[in-house]
Each structure stands twice: as C-alpha cells, then as structure tokens.
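**Student:** With chain A held as given, fit chain B onto it using these hints.
Spelled out from the first residue to the last, the chains are:
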Amino acid sequence: MPVFKAPFNGYSVKFSPFYESQLAVATAQNFGILGNGRLHVLQLSPTPSNPSQSITEISSFDTADGVYDCCWSESHDSLIVAAVADGSVKLYDLSLPPTANPIRSLHEHTREVHSVDYNVVRKDSFLSSSWDDTIKLWTVDRPASVRTFKEHAYCVYSAAWNPRHADVFASASGDCTARIWDVREPGSTMILPAHEFEILSCDWNKYDDCVIATASVDKSIKVWDVRSFRVPVAVLNGHGYAVRKVKFSPHRGSVIASCSYDMTVCLWDYMVEDSLIGRYDHHTEFAVGLDMSVLVDGLLASTGWDELVYVWQHGMDPRAP
Amino acid sequence: MASNSPASGSNPPIKPWERAGSSSGPAPFKPPSAGSTSDIVEASGTAKPGEIVSTAERNASTVNTNALGRPMPTRPWEQQQSYGGYGSSLNYNTGYGTGMYGSYGGLGSYGGLGGSYDSGLYGNNMYRGGYSGLYGGGMNGGGMYGGGFGGPMGGYGMGGPYGEHDPNNPFGAPSSPPSFWVSLMRVMQGVVTFFGRVAMLIDQNTQAFHMFMTALLQLFDRSGLLYGELARFVLRLLGIRAKRKKVQPPGPHGLQGPHNPHGNQNYIEGPKAPPSVGWDNLWGDNANN
Numbered sequence: 057m058p059v060f061k062a063p064f065n066g067y068s069v070k071f072s073p074f075y076e077s078q079l080a081v082a083t084a085q086n087f088g089i090l091g092n093g094r095l096h097v098l099q100l101s102p103t104p105s106n107p108s109q110s111i112t113e114i115s116s117f118d119t120a121d122g123v124y125d126c127c128w129s130e131s132h133d134s135l136i137v138a139a140v141a142d143g144s145v146k147l148y149d150l151s152l153p154p155t156a157n158p159i160r161s162l163h164e165h166t167r168e169v170h171s172v173d174y175n176v177v178r179k180d181s182f183l184s185s186s187w188d189d190t191i192k193l194w195t196v197d198r199p200a201s202v203r204t205f206k207e208h209a210y211c212v213y214s215a216a217w218n219p220r221h222a223d224v225f226a227s228a229s230g231d232c233t234a235r236i237w238d239v240r241e242p243g244s245t246m247i248l249p250a251h252e253f254e255i256l257s258c259d260w261n262k263y264d265d266c267v268i269a270t271a272s273v274d275k276s277i278k279v280w281d282v283r284s285f286r287v288p289v290a291v292l293n294g295h296g297y298a299v300r301k302v303k304f305s306p307h308r309g310s311v312i313a314s315c316s317y318d319m320t321v322c323l324w325d326y327m328v329e330d331s332l333i334g335r336y337d338h339h340t341e342f343a344v345g346l347d348m349s350v351l352v353d354g355l356l357a358s359t360g361w362d363e364l365v366y367v368w369q370h371g372m373d374p375r376a377p
Numbered sequence: 595m596a597s598n599s600p601a602s603g604s605n606p607p608i609k610p611w612e613r614a615g616s617s618s619g620p621a622p623f624k625p626p627s628a629g630s631t632s633d634i635v636e637a638s639g640t641a642k643p644g645e646i647v648s649t650a651e652r653n654a655s656t657v658n659t660n661a662l663g664r665p666m667p668t669r670p671w672e673q674q675q676s677y678g679g680y681g682s683s684l685n686y687n688t689g690y691g692t693g694m695y696g697s698y699g700g701l702g703s704y705g706g707l708g709g710s711y712d713s714g715l716y717g718n719n720m721y722r723g724g725y726s727g728l729y730g731g732g733m734n735g736g737g738m739y740g741g742g743f744g745g746p747m748g749g750y751g752m753g754g755p756y757g758e759h760d761p762n763n764p765f766g767a768p769s770s771p772p773s774f775w776v777s778l779m780r781v782m783q784g785v786v787t788f789f790g791r792v793a794m795l796i797d798q799n800t801q802a803f804h805m806f807m808t809a810l811l812q813l814f815d816r817s818g819l820l821y822g823e824l825a826r827f828v829l830r831l832l833g834i835r836a837k838r839k840k841v842q843p844p845g846p847h848g849l850q851g852p853h854n855p856h857g858n859q860n861y862i863e864g865p866k867a868p869p870s871v872g873w874d875n876l877w878g879d880n881a882n883n
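Residue numbers (the working numbering), protein chains in the order written: chain A, 57 to 377; chain B, 595 to 883.
So here's chain A without its partners, still in its complex pose (with noise of 0.2 angstroms):
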C-alpha cells in the first residue's frame, strides 16, 4: 500500500469526488502550533486496484500559517478550500498556476479554523467551523461568508452537511454539545448534550439523515438519532484517547471509521454487537485526518503527525509495500 512523506505534520486528508485517484492533504509546520502550512495535492498511480501503486505528488501550495482541514469542491474538480490556522479559508484552483493561488482568501474567522466542509447536495457552498465560536456559510459566488452561526460556547470543531438534505448541517463543539442546524432558521434546531466532555468531531449516516456519530475527548463514539436524542443509538469504546475525527462510510450504512490521539484508525459496524470490526496501529503519531473514498468502496486514508498519509484498502496492512 502506498505512502507519501509529507515535510509537515498530516491534519487532513480527503478523496476527490471526482477522481477515485486523487487526494487532498492538509498539513502544518510544527504540529500546527507554529509556522507554515501545505497543501498538497497527491495521485494515487496508476490505478487503486493495481497492487504495485505509488503515491505522486501533483502540486502544493504553501500557507503562512498551518493548513488544519481542506475539502474538495462537488462542483468544481479541480478546487479546493483550505482551512488556515490564520483565520482564513483559502479556495485553490489546481487548474491554475501556483502563482495564480490561492483564487481566494475569505478572511472572516477571528480565531483558527478547525474544518471546512463542502455541501454534497446542493454543490455551491461550504461551512467553516472555528475556534472563534462560530460557523460560516459561504458560497463561491460571494466574497463573504452569507451567514454566521453564533450559538456554541466554545469552540467549534467540526461542521458536517446532511448528505441528503441541502439546508441542514451539524457541528461539534468544545462546549460538549452538538447542535443540528437549518439555514433558513435563525437558531439551531436541535442541541445533544452528547458528552461530557468535549466533542472534537461529528458525521451523519449517508443512508439514514436523521442519525449522526459524535466523537469525544472521553475517548468514545455515541451514534445518535436525532428524532429521540435523549438516548445514544450506539456507544462504541474502543479507543484509548481523544477520538479526534468520526466518519460514516458511504457504502455501508452501519460502518464508521475514527482516529484518535492512541495512534489508532478504527473501524466500527454500530449496529453488531462486537462493533469493533478493524483497528490499524500504522501511525507512530497522533492520528488526526482520515477519510473514506466515495468512489472506490472500503478505501481509507489517515493522515498523522507522524508525516506520513497513508492509503490502503480495508482488510490489508497500510504498511504492506
């Protein structure tokens, strides 16, 4: 399975949409405490299927200040939108010219922006989530954000679009809630206390848009159903630290995949009784970016501080060569 050595710490790293063999990685200078950050854009050569595949570099793209999440654009194949530890989320064109870059830079976040994620349904916006409090709705035709969404205490981790509804999108936050919301509606529709402690990520079920994953610093995933959020549909323990991203796969309804600070990426079928059904001990560092591909079913990518983005097929070793 295929490698690639980044010079910086991995925050993220997602599949393109578009391209089964393209992938975008966010990393930062320093573990993301101080100095710059990358953008790296990488091929997976030739195919995802052909056993002897290697990782390429296509192009990067320097920031003055660690990159901590990015997304594709579902409108656009070859844009992405970086979330900058500056404040800023920066829109990059792999079509233009690395001088040409970044097309934008919509400098509206007064603290860290901790993720950015792209409406699947509708295909012309995207929310960035931050440590100033808030989450941004943005659209690529305005050089503003439209909207902002002020309710959290503290700050906001992750902000994930429903993948089947176009004006409803959740968000986790440090005040240890998650918060359902609708665009069109001035407040959040929903509040979960869902932890006691902090939640660092959130997902929805892409085969059922009322039930979302939260994952936490108590070290544990809990699978909600939005329509009787009193309850958790689903506790799944597991990991020995913090559980920093949560992701629903989008060929299997039931499947989840998590990293966490224990250096794990873990896979869980919530709806089985052992719900642990896959653990990869890969990283020898935290293990913080991690998605699954749309396009091709059962395969992964983990990013950690360990400078290495891994990508494998579920069932095999990442480190096989």
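By construction, these hints were calculated from the structure, which means they are not laboratory data. All figures in this text were calculated on a predicted structure; none of them were measured in a lab. Some hints could be false.
To be verified - Straight-line C-alpha distance at most 27 angstroms; calculated DSSO-like pairs for lysine-lysine:
hint	chain 1	residue 1	chain 2	residue 2
1	B	K642	B	K624
2	B	K624	A	K61
3	A	K61	B	K642
4	B	K624	B	K609
5	A	K179	B	K642
Said to hold, decoys possible - Where chain A lies over chain B, by a calculated footprint (3+ residues, C-beta under 8 angstroms):
hint	segment
6	772-783
7	793-806
Unchecked claim - Some chain A residues well away from chain B (every beta-carbon gap over 10 angstroms; in silico):
hint	residue
8	V59
9	A141
10	S201
11	D238
12	T245
13	V287
14	V328
15	E329
16	L332
17	D337
Note that CB positions come from ideal geometry on N, CA and C, so glycine has one too.
**Tutor:** Coordinates of chain B only, in the frame set by chain A:
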C-alpha cells in the same frame, strides 16, 4: 470564480447513497428549498453577509444559549482585561471595527482597549482591519504606553503604508517592511497564538498530556535526579554551594568500599567508622557516677 474554474466535470459521479433510498422514517427537518444557497438564506431573512463576530459580542450572545448550565472556561488567549478602564468597548464595536477587537482578544489588555477607539475612529477604512486594531489599541490605550506613541501608531491603524498586506488581494504588492513597534507587536501576537494553540492541544488531549507528564516525572524519579537536583538547584539559586564533601571519615585500616576508586571516601557502601571515642564513654563521666 466561475471564470477561473474549468467547466469540465462540474458534476461528480453520483454518490453511492443517492442510489439507495433512505431507510428510516420521516426526518424532523423542513423540506429542502429550491434555489441557490445564498438565495434561500436571503429569502429566510437570516442572511448577514460578512459578519465578523467579536469576542465581546460572542460572549454576550452565547450566555443564554449555553445548554450546559455552567459557565465555560476562559479561553487561554482571553486573559482578563486587567486594564479594564476602557473595557466597556462593546458600545463602540460596530461595523468592521469588531474584527479588530476580536482578532486580538488574546492580548486582552492591548486589543481590549484598542477595540473601542479604533473601531470608531480608524477602523472603517479597513476591510479586515485586524492589525490596525492591535496597533491602534496599543496606542490609544494610553494607560499602557502613555500618549507618546499615540501619534505614530495611529497611522498604522488607518491602514497606511505599514498596514497589513490585504489578504483578499493575492496579486497585490507586498507591504513595506514593518517598523520596530509593529514587529514587536507581531512577535507578541505570535507568543499569544503559540500558547493558545498549545493550550488547545492539551484541551483536546488531556489524558495524553497527563500521561506524558507522568512518564517524564517517573523518568526523572527513577534516575534519582529529580529531588536531589531540585534541592541543589534551589540552594545554588540562594547562593549556597552544596558541595559534595567527604561525609565519612576514612574507614578503619584504609578499607576501600567496592565502589570507591578514590580511596577513603566512602559514601554508602563502605562500613561506617566507629565513633572516635569508645562506647563506654558515651555518657561521659556521669555514667559512672
């Protein structure tokens, strides 16, 4: 943007979940609206383009919506505004000016004071105005620097020649090199950001940090360094030189301990020397009386 982006491949392959129907019952969401996102948000009356949320505004707005029923901890970069004379800057924080206050909330005493003046007086001609808030703040917050800096620093606040390079103009020329005070402020800001981020990391990963510190302490402890070195360090700080003296007098017959290459100096292993006076005389002459 449309001109910059290729029209090719404007639709990604259909998502796997779009082929399947939703498995569960009706969702508690309003049905999605038709149209573009910006139109929909504007039609709903909730649009607020380009809003910049200041620290003060943020705190005010979140008080009632805190579902936890307990106050949230102060963020590491939001130190208390000890120079709170002008702390009531909320009233002045309007329009673009809020950005300045928010950007440098971390400096508390600087940014906090500055926000109030700057937003009203100088802030308006800055789109982003982040740095102007800072410098302007330092200047106007006369409590800290005195009026001396007032004049020159104000210039930066207005986005003059030393203003921050406009981040929204990627093609613009770089700004002129910063002056000493500007650099100093930038360094200060860097320090605040640094500690803020370290604190956030610890926040996210409390247990790991705890383990790390525990392991470190154990390491020191095991090598027997910690307490001895600590004591020696403190003594040295106090100006007392704690020398390794001969604690034991020479052993009888010049006996050498197993770990004692230097002759008669026996610290631990060597047998203790008998008292120079016989035990009989321990109580002195009184014992016999």
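**Student:** Now tell me if each hint is right for this structure.
**Tutor:** Verification of the hints:
Pair hint K642(B) plus K624(B) holds up; C-alpha atoms about 21 angstroms apart against a cutoff of 27 angstroms. This hinted pair does not check out: K624(B) and K61(A) have alpha carbons roughly 45 angstroms apart, beyond 27 angstroms. Pair hint K61(A) plus K642(B) does not hold up; C-alpha atoms about 42 angstroms apart against a cutoff of 27 angstroms. A C-alpha spacing of about 23 angstroms is found between K624(B) and K609(B), which places the hinted pair at or below 27 angstroms, so the restraint holds.
A threshold of 27 angstroms between alpha carbons decides the hint, and for K179(A) with K642(B) the separation of about 21 angstroms falls inside it, so the pair holds. Figure legend: the segment 772-783 of chain B, annotated as covered by chain A; annotation inconsistent (0 residues with Cβ-Cβ distances under 8 angstroms, at least 3 required). For a cut-off of 8 angstroms, the count of residues in the segment 793-806 of chain B with a CB near a CB of chain A stands at 8, and the three-residue condition holds. Distance to chain B confirms V59(A) as a non-interface residue, since its nearest Cβ pair spans about 24 angstroms, more than 10 angstroms.
The non-interface label for A141(A) is inconsistent with chain B: the shortest C-beta to C-beta separation is roughly 8 angstroms, within 10 angstroms. With a minimum CB-CB distance of about 6 angstroms to chain B, S201(A) fails to clear the 10 angstroms threshold, and the non-interface call is violated. Its beta-carbon lying about 6 angstroms from the closest one in chain B, D238(A) breaks the requirement of being farther than 10 angstroms from that chain. For T245(A), the shortest C-beta to C-beta distance to chain B comes to about 8 angstroms, within the 10 angstroms cut-off, and the non-interface label is violated.
Distance check for V287(A) against chain B: the nearest CB is about 16 angstroms away, which clears 10 angstroms, and the non-interface claim stands. Every CB of chain B is more than 10 angstroms from the CB of V328(A) (nearest about 16 angstroms), matching its label as outside the interface. With 10 angstroms as the threshold on Cβ separation, the claim that E329(A) sits away from chain B holds: the shortest Cβ distance comes to roughly 20 angstroms. Separation of L332(A) from chain B is adequate, the least Cβ-Cβ distance of about 19 angstroms exceeding the 10 angstroms criterion.
The non-interface label for D337(A) is consistent with chain B: the shortest C-beta to C-beta separation is roughly 15 angstroms, beyond 10 angstroms.
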